[in-house]
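Heads up: the protein sequence lines correspond to chains A and B, in order. Under UniProt numbering, the first residue of the first sequence carries the number 1, and numbering increases by one thereafter. Under UniProt numbering, the first residue of the second sequence carries the number 1, and numbering increases by one thereafter.
Just so you know, the hints here were simulated from the structure itself, not pulled from any lab data. There could be a bad hint or two in this list.
Said to hold, decoys possible - Computed Cβ-Cβ distance ranges for the label pairs, DEER-style:
| # | chain 1 | residue 1 | chain 2 | residue 2 | range |
| --- | --- | --- | --- | --- | --- |
| 1 | B | 11 | A | 174 | 29 to 37 angstroms |
| 2 | A | 88 | B | 8 | 48 to 56 angstroms |
| 3 | A | 124 | B | 450 | 33 to 41 angstroms |
| 4 | B | 42 | A | 129 | 44 to 52 angstroms |
The model shown is predicted, which means the values in this text are computed figures rather than measured ones. Note that CB positions come from ideal geometry on N, CA and C, so glycine has one too.
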Amino acid sequence: MTEPVTEELLDLTLTVNGVPRHAKAPARRLLSDFLRHDLQLTGTHVGCEHGVCGACTVLVDGQPMRSCLMFAITAQAHEITTVEGLGTIDSMGPVQQAFTECHGLQCGFCTPGFLTTITAYLEDHPHPTSDEAREAISGNLCRCTGYQNIVKSVLRAAEIKAEIRAEIRAELAAGTTAEVDGA
Amino acid sequence: MTTSMFGAPIQRKEDPRLVTGGGRYLDDMGHRALAAAFVRSPHAHARIVDIDVTDAFEVDGLVGIWTHEDLPGKVGEPLPLLIPHPTLTHGRTQFALARDEVNYVGEAIVMVVARDRYIAEDVCQRIRVDYELLTPVVGIANARDGSALVHEDVPGNVACRMLQEVGDVDAAIAAAPHTLELELDIERSACMPMEGKGVLARWDTDKGELRIFSSTQTSTGVRAAVAAKLDLPLAKVECIAPDVGGGFGVKINHPWPEEVLIPWAARLLEQEVKWTEDRREHFISSAHERGQLQEIKVGFDEQGRILALDVKFWHDNGAYTPYGIIVPIITSTQLLGPYKPGAYRCEFWSLYTNTVLVTPYRGAGRPQGCFAMERTMDAIAEYLGIDRTEVRSRNFILPEEMPYDHGLLFQDGRPLKYDSGDFPASMAKLKALVGWDDFAAYREQAEAEGRRVGLGIGCYVEGTGVGPYEGGHIQIETSGRVNVSTGLTSQGQGHETSFAQIVAQELGVPIGDVFVTTGDTRRMPYAVGTFASRAAVMSGNAIALAARNVRAKALRIAADALEVSAEDLEIVDGIVQVKGAPGTRMSLGTVSVMSNPLRYAFDDAAKAATQFAGSNDPNKPPVADDDEPGLEGKDFYSPTQATFANGMHAAIVETDPVTAEIRVLRYCVIHDCGNMINPMIVEGQVHGGVAQGVGGALYERMVYDESGQLLNASFMDFLMPYASEVPHIETDHLETPSPLNPLGIKGAGEAGCIPVTAVIASAISDAEGFAITSMPISPVELWELRQRHARGEIPSLARPRHTSTSPGSAPVPPVQEAR
Numbered sequence: 001m002t003e004p005v006t007e008e009l010l011d012l013t014l015t016v017n018g019v020p021r022h023a024k025a026p027a028r029r030l031l032s033d034f035l036r037h038d039l040q041l042t043g044t045h046v047g048c049e050h051g052v053c054g055a056c057t058v059l060v061d062g063q064p065m066r067s068c069l070m071f072a073i074t075a076q077a078h079e080i081t082t083v084e085g086l087g088t089i090d091s092m093g094p095v096q097q098a099f100t101e102c103h104g105l106q107c108g109f110c111t112p113g114f115l116t117t118i119t120a121y122l123e124d125h126p127h128p129t130s131d132e133a134r135e136a137i138s139g140n141l142c143r144c145t146g147y148q149n150i151v152k153s154v155l156r157a158a159e160i161k162a163e164i165r166a167e168i169r170a171e172l173a174a175g176t177t178a179e180v181d182g183a
Numbered sequence: 001m002t003t004s005m006f007g008a009p010i011q012r013k014e015d016p017r018l019v020t021g022g023g024r025y026l027d028d029m030g031h032r033a034l035a036a037a038f039v040r041s042p043h044a045h046a047r048i049v050d051i052d053v054t055d056a057f058e059v060d061g062l063v064g065i066w067t068h069e070d071l072p073g074k075v076g077e078p079l080p081l082l083i084p085h086p087t088l089t090h091g092r093t094q095f096a097l098a099r100d101e102v103n104y105v106g107e108a109i110v111m112v113v114a115r116d117r118y119i120a121e122d123v124c125q126r127i128r129v130d131y132e133l134l135t136p137v138v139g140i141a142n143a144r145d146g147s148a149l150v151h152e153d154v155p156g157n158v159a160c161r162m163l164q165e166v167g168d169v170d171a172a173i174a175a176a177p178h179t180l181e182l183e184l185d186i187e188r189s190a191c192m193p194m195e196g197k198g199v200l201a202r203w204d205t206d207k208g209e210l211r212i213f214s215s216t217q218t219s220t221g222v223r224a225a226v227a228a229k230l231d232l233p234l235a236k237v238e239c240i241a242p243d244v245g246g247g248f249g250v251k252i253n254h255p256w257p258e259e260v261l262i263p264w265a266a267r268l269l270e271q272e273v274k275w276t277e278d279r280r281e282h283f284i285s286s287a288h289e290r291g292q293l294q295e296i297k298v299g300f301d302e303q304g305r306i307l308a309l310d311v312k313f314w315h316d317n318g319a320y321t322p323y324g325i326i327v328p329i330i331t332s333t334q335l336l337g338p339y340k341p342g343a344y345r346c347e348f349w350s351l352y353t354n355t356v357l358v359t360p361y362r363g364a365g366r367p368q369g370c371f372a373m374e375r376t377m378d379a380i381a382e383y384l385g386i387d388r389t390e391v392r393s394r395n396f397i398l399p400e401e402m403p404y405d406h407g408l409l410f411q412d413g414r415p416l417k418y419d420s421g422d423f424p425a426s427m428a429k430l431k432a433l434v435g436w437d438d439f440a441a442y443r444e445q446a447e448a449e450g451r452r453v454g455l456g457i458g459c460y461v462e463g464t465g466v467g468p469y470e471g472g473h474i475q476i477e478t479s480g481r482v483n484v485s486t487g488l489t490s491q492g493q494g495h496e497t498s499f500a501q502i503v504a505q506e507l508g509v510p511i512g513d514v515f516v517t518t519g520d521t522r523r524m525p526y527a528v529g530t531f532a533s534r535a536a537v538m539s540g541n542a543i544a545l546a547a548r549n550v551r552a553k554a555l556r557i558a559a560d561a562l563e564v565s566a567e568d569l570e571i572v573d574g575i576v577q578v579k580g581a582p583g584t585r586m587s588l589g590t591v592s593v594m595s596n597p598l599r600y601a602f603d604d605a606a607k608a609a610t611q612f613a614g615s616n617d618p619n620k621p622p623v624a625d626d627d628e629p630g631l632e633g634k635d636f637y638s639p640t641q642a643t644f645a646n647g648m649h650a651a652i653v654e655t656d657p658v659t660a661e662i663r664v665l666r667y668c669v670i671h672d673c674g675n676m677i678n679p680m681i682v683e684g685q686v687h688g689g690v691a692q693g694v695g696g697a698l699y700e701r702m703v704y705d706e707s708g709q710l711l712n713a714s715f716m717d718f719l720m721p722y723a724s725e726v727p728h729i730e731t732d733h734l735e736t737p738s739p740l741n742p743l744g745i746k747g748a749g750e751a752g753c754i755p756v757t758a759v760i761a762s763a764i765s766d767a768e769g770f771a772i773t774s775m776p777i778s779p780v781e782l783w784e785l786r787q788r789h790a791r792g793e794i795p796s797l798a799r800p801r802h803t804s805t806s807p808g809s810a811p812v813p814p815v816q817e818a819r
């Protein structure tokens with residue numbers, strides 16, 4: 001155990017929130033650390049580093065994944081969406097908006113993981129019941145809210161998304177929008 | 001409109017930032033900082049024989065390695081004992097890095113600083129520590145036995161023995177028609193915020209100044225402690241709590257070893273240094289709470305009125321006592337809840353064990369006290385065959401008896417004197433909400449279906465808003481922007497919003513113009529911290545008083561300018577105007593311009609305040625002798641005593657007849673914290689508290705083996721509730737204002753979790769027909785209790801009597817799910 005420890009840096013190309021990124025990272029660098037410290041996208045939080053709490057959940061090609069359980073290098077050529085990619089302070093996404101309306105967060109540390117998880121869930125389940133909403137968030141830990149208002153937020157987000165779809169349909173019907181990809 | 005901001009359930013100002021990734025928690029900063037990691041003891045009790053770092057030096061990226069012998073002066077002395085008490089005769093605190101002995105698994109021994117955390121942990125792996133093992137003391141029974149000692153110089157492992165007595169308990173017990181004895185125990189849990197602790201320190205070599213960021217509940221406390229440890233003038237140290245990912249008590253203790261070591265290393269290295277606690281570190285080197293053995297003897301009359309209550313308990317304070325004996329003091333005083341026993345005596349022993357130290361966790365000793373009192377109430381009801389709510393009601397302190405002085409000293413060194421509360425009204429609301437009187441019918445129906453259900457209840461009183469003080473500072477800029485600062489910190493309570501509501505209401509400005517800063521010693525150097533459900537009461541009132549000062553100054557300046565009397569002015573939507581003649585007006589921004597006589601015009605608005613603009617009185621100085629420039633106001637709120645909030649909870653549980661699984665079907669809360677600033681936020685606090693309470697009642701415990709290893713130090717094994725484990729929570733509020741403070745408010749932060757263990761124990765007892773005396777309880781434990789009960793080792797309860805006042809009414813619906 002006397003030889004110096006040096007780390008080989010690997011080239012990494014991936015898409016994060018729609019933007020192609022190139023970087024170098026050691027093989028053992030976690031995707032969570034890579035996003036947070038190398039790309040400085042600190043919205044993704046790390047709560048346990050063993051895949052249980054879900055705070056670090058990001059979307060990998062649209063699927064929720066625990067970024068603390070992935071090496072950055074395994075995200076090579078994949079598309080990552082973090083909480084920063086779900087909307088901005090001036091133009092919040094439906095789930096973000098629902099959380100602010102329903103008091104779905106307190107300290108906000110676990111929230112990014114819920115937002116990404118729920119965003120992916122609602123893509124496949126646009127009309128959840130209350131029980132289904134509760135089930136959908138049952139893989140993420142929150143220590144502040146007791147989950148009551150997160151369940152409400154899921155239902156509200158589904159409503160907001162439905163409203164947006166209805167608006168788009170109305171616009172299409174009125175012929176005011178030439179090309180809209182049905183959300 | 002700016003009216004009625006106080007009391008409105010408005011959306012939180014902090015949320016748009018937090019939901020878009022704009023939060024700045026400790027580890028979101030200092031990307032280029034050096035990283036610290038620690039070698040921690042793998043043994044619960046051992047002497048350090050040797051530390052060998054030879055292999056570690058070769059790691060590329062290593063910056064430095066330090067052990068206790070490297071720590072100079074006060075940095076190498078024991079950490080402070082924050083809250084001394086005369087009965088804490090054997091208080092002990094740890095060294096920032098262990099000197100020659102370790103007393104729990106997780107105690108820091110070596111600090112490593114490296115280019116990044118990965119490398120720092122590589123280095124830690126290469127450091128070898130040799131130990132001479134000592135006998136570990138684990139569990140209250142072993143600590144009380146005293147044959148092995150945690151600290152050689154602490155006989156019997158007793159840090160403190162304390163006794164408080166009101167009335168003659170021995171005589172009252174002897175004279176009581178009936179007596180009962182209970183033995184109860186309650187296990188450890190922990191705050192477990194989603195963000196662990198963390199410290200980032202920047203040393204400015206040029207100025208000799210230190211800036212500390214800490215995920216703390218008290219930035220003023222950390223600042224003062226670090227300045228003292230590093231021998232720095234207070235003026236050269238600032239501490240800022242950034243966004244903090246939950247606290248629940250663990251972050252009020254300070255300075256943690258890392259809060260001393262990281263700033264010290266940053267100064268030594270003249271580089272930014274950061275330490276971010278990982279989850280395992282949080283389990284084994286932060287703090288736990290709740291572990292107590294409790295013995296109760298109660299004397300009562302035929303009506304169930306308590307004539308004497310004699311309580312003894314043994315508190316597990318872990319390896320050290322940096323936060324004093326606050327937790328057991330709170331148990332011993334708050335145990336009384338809404339009741340008035342004829343005589344009361346409480347004696348406790350705070351005991352050392354070779355486990356993680358104990359500091360307050362949300363509820364802070366109250367869940368244990370409530371468990372003791374409420375199990376006692378159920379036992380009396382059972383013994384006399386009286387409805388459980390009736391026994392409680394007969395012992396209530398009545399509204400007309402307020403203020404009610406228990407004759408005891410509370411945790412703040414001041415009398416335990418309840419300011420207000422309407423316990424009979426709370427009870428009536430709770431019974432209505434849960435359908436108490438209809439439960440017998442519901443149970444009958446459930447039993448017919450082969451289901452086993454039970455109804456439980458718990459009542460508590462919570463001393464909130466303890467002093468000594470908090471401050472508020474308000475400054476209105478020439479733009480009309482209102483800057484508010486208070487020194488205590490925020491960990492998710494929504495202070496940016498609720499304090500802004502108070503200012504919007506008091507000043508008459510749009511809430512969008514109000515910006516609140518908390519926990520930044522540059523902005524408010526005098527503060528205590530966020531704990532004991534005190535933020536709204538203390539800072540809320542301080543800020544209200546400061547707002548009233550600013551308002552008075554604004555009206556005075558505007559009155560001069562508008563040549564009217566200040567009494568004729570009002571402030572609406574940030575505009576100072578004449579009542580009934582709103583055409584005569586000026587904005588608060590303009591008032592701000594005029595409040596600050598200028599030599600230089602920095603913008604168009606500022607021109608109005610410069611020396612050649614308009615007329616001035618040559619016989620008067622630009623700023624009057626007793627005045628200050630600027631539209632600012634500051635005030636402090638320092639009450640003579642705590643405010644006492646209260647609540648009552650009830651739950652319906654179902655236990656599986658075969659597997660003993662426990663399901664909470666309904667959970668009902670009546671909560672009274674006086675006037676509510678933002679009911680939405682209060683409700684959120686209650687929800688979160690109940691969820692933590694459910695965790696503590698059914699899932700969470702710290703599993704130590706006999707050698708002092710924490711066997712479940714991960715989220716895989718420490719079962720924090722997910723959404724699937726937390727029931728739908730039904731709430732109703734009573735608002736009994738506090739007469740003690742200008743806003744009439746009481747604290748709400750901890751309330752939700754206090755009675756949950758008692759309530760769930762009560763409900764399971766009711767379902768099973770035998771008394772539950774040890775919490776938390778798992779299905780396995782319940783199953784084993786059933787076997788013992790079947791063997792006759794545990795007595796049966798007589799079926800509780802539920803006096804149905806509305807015969808024929810419909811059974812209680814099992815679960816009312818959220819809309």
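Hint check:
For the pair residue 11 of chain B and residue 174 of chain A, the supplied restraint of 29 to 37 angstroms holds, since their beta-carbon distance comes to about 32 angstroms. As the Cβ distance of residue 88 of chain A to residue 8 of chain B is approximately 27 angstroms, the hint placing it in 48 to 56 angstroms is violated. Taking 33 to 41 angstroms as the suggested C-beta distance range, the pair residue 124 of chain A and residue 450 of chain B conforms, at roughly 37 angstroms. As the Cβ distance of residue 42 of chain B to residue 129 of chain A is approximately 48 angstroms, the hint placing it in 44 to 52 angstroms holds.
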